[in-house]
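Participant: Residue numbers (this note's numbering), protein chains in the order written: chain A, 1 to 119; chain B, 1001 to 1135; chain C, 2001 to 2099.
Errors might be hidden in some of the hints.
[As the list claims (entries may be wrong)] To be clear about the criterion: a stretch of chain A counts as covered by chain C if any three or more of its residues have a C-beta under 8 Å from a C-beta of chain C, and this derived list gives those stretches:
no.	segment
1	61 to 69
2	95 to 105
[What the hints assert, rightly or not] Here are the computed lysine to aspartate or glutamate pairs in the DMTMM-like style, where the Cα-Cα straight-line distance is at most 20 Å:
no.	chain 1	residue 1	chain 2	residue 2
3	A	Lys-66	A	Asp-89
4	A	Lys-25	A	Asp-89
5	C	Lys-2020	B	Asp-1059
6	A	Lys-25	C	Asp-2075
7	C	Lys-2023	B	Glu-1098
No wet-lab data here; the hints were simulated from the structure.
Because the structure is a prediction, the values reported are computed rather than measured.
Where a beta carbon is used, it is the ideal one built from N, C-alpha and C, also for glycine.
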Amino acid sequence: MKLGIMINEGPYTHQASDTAYLFAKAAIEKGHKIHRVFFYHDGVYNANRHAEPPQDDRNIVNRWQKLAKDHHVDLVVCVAAALRRGIKDENLQEGFRISGLGQLIETGIQSDRMVTFGD
Amino acid sequence: MTEATGGIEMEEGVGGKVKKFLYVNRKAPYGTIYALESLEVVLIAAAFDQDVSLAFLDDGVYQIVKGQHTKPIDVKNFSPAYRALEGYDIEKLFVEKESMEARGLKEEDFIVPVKVIGTQEMTDLMQSQDVILSF
Amino acid sequence: MLHTVNKSPTERNALESCLKHLKKGCAVLLIEDGVYGALKGTSSTKMVEQALKNHPIYALYPDIEARGMQDRVIDGIKLVDYSGFVDLAVEHPSVQAWL
């Protein structure tokens, strides 16, 4: 099945991105396809390549990047939300792309299920 | 329009599918950005020719009350934008009666025409959707 | 449809509001701080037990364990892992998050 995911919160402060990641990973392991992960609101901070968590903590930004690379997951950061918060191509982690809100609607149209993670 | 819609060409990109989208608003405006950014999604959604409904329940009903004057907090008052939705053919705005009454509000307190429905009807509305987006 | 709740019932009304909007065929999945809604002996236990009579309620076990709540879960609430979460999302025609 094709699944779409929306993440509305940034990393570390809220559990949303962690839960979404573990959900996406489990879905892929079960043979489902993640059509797209759309990052909205403070969720755009999940794409900040300057994030440097302590060594003994999970690296939320990098593991999204790795999941995307290994399984061809489209990671889209909302341009309007990103500009508001200073996320630009210069500080965008590899594997993410910045695009319009239409990508969220398209995810809803194309996916069999849309699952939202937020606060 | 293609920039705002993420470069998606409507006709080719979505293959003519029409789904029922429900935008669920349960949060008050200004204290957090969710109400504003939810409205921004709805305004973009209008370009996609999908079947769009908006639900206001719990504190979400505060989003559309009249008389918002945000100058003193130096934040943009986005409530007039709800009135623009009609021009985009987004006319299905539902307010949950119980939420409205619990907050001392009446139908005439809203900035836009809404349909006031009970919890049961709201439940049916949610149940009948293909995609439910909550912010 | 599947409803997900990620808020503690003693902090916000997401669970209470969610439980008022259930129809036949609906299931509820408690995740993150929402798992505090799965506990026995709390001020919301009765409300949850009432809902359990008509609807299946699930809780994400990794979140229960993380919070040390393993021994406090209401009988009848089903525990799932992330794989079970995926199954629930797939089995129901739509998913609504009560944020």
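Participant: Confirm or reject each hint.
Facilitator: Checked hints:
{"no.": "1", "hint": "61 to 69", "verdict": "violated (count 0)"}
{"no.": "2", "hint": "95 to 105", "verdict": "violated (count 0)"}
{"no.": "3", "hint": "Lys-66(A) / Asp-89(A)", "verdict": "holds (18 Å)"}
{"no.": "4", "hint": "Lys-25(A) / Asp-89(A)", "verdict": "violated (26 Å)"}
{"no.": "5", "hint": "Lys-2020(C) / Asp-1059(B)", "verdict": "holds (15 Å)"}
{"no.": "6", "hint": "Lys-25(A) / Asp-2075(C)", "verdict": "violated (29 Å)"}
{"no.": "7", "hint": "Lys-2023(C) / Glu-1098(B)", "verdict": "holds (18 Å)"}
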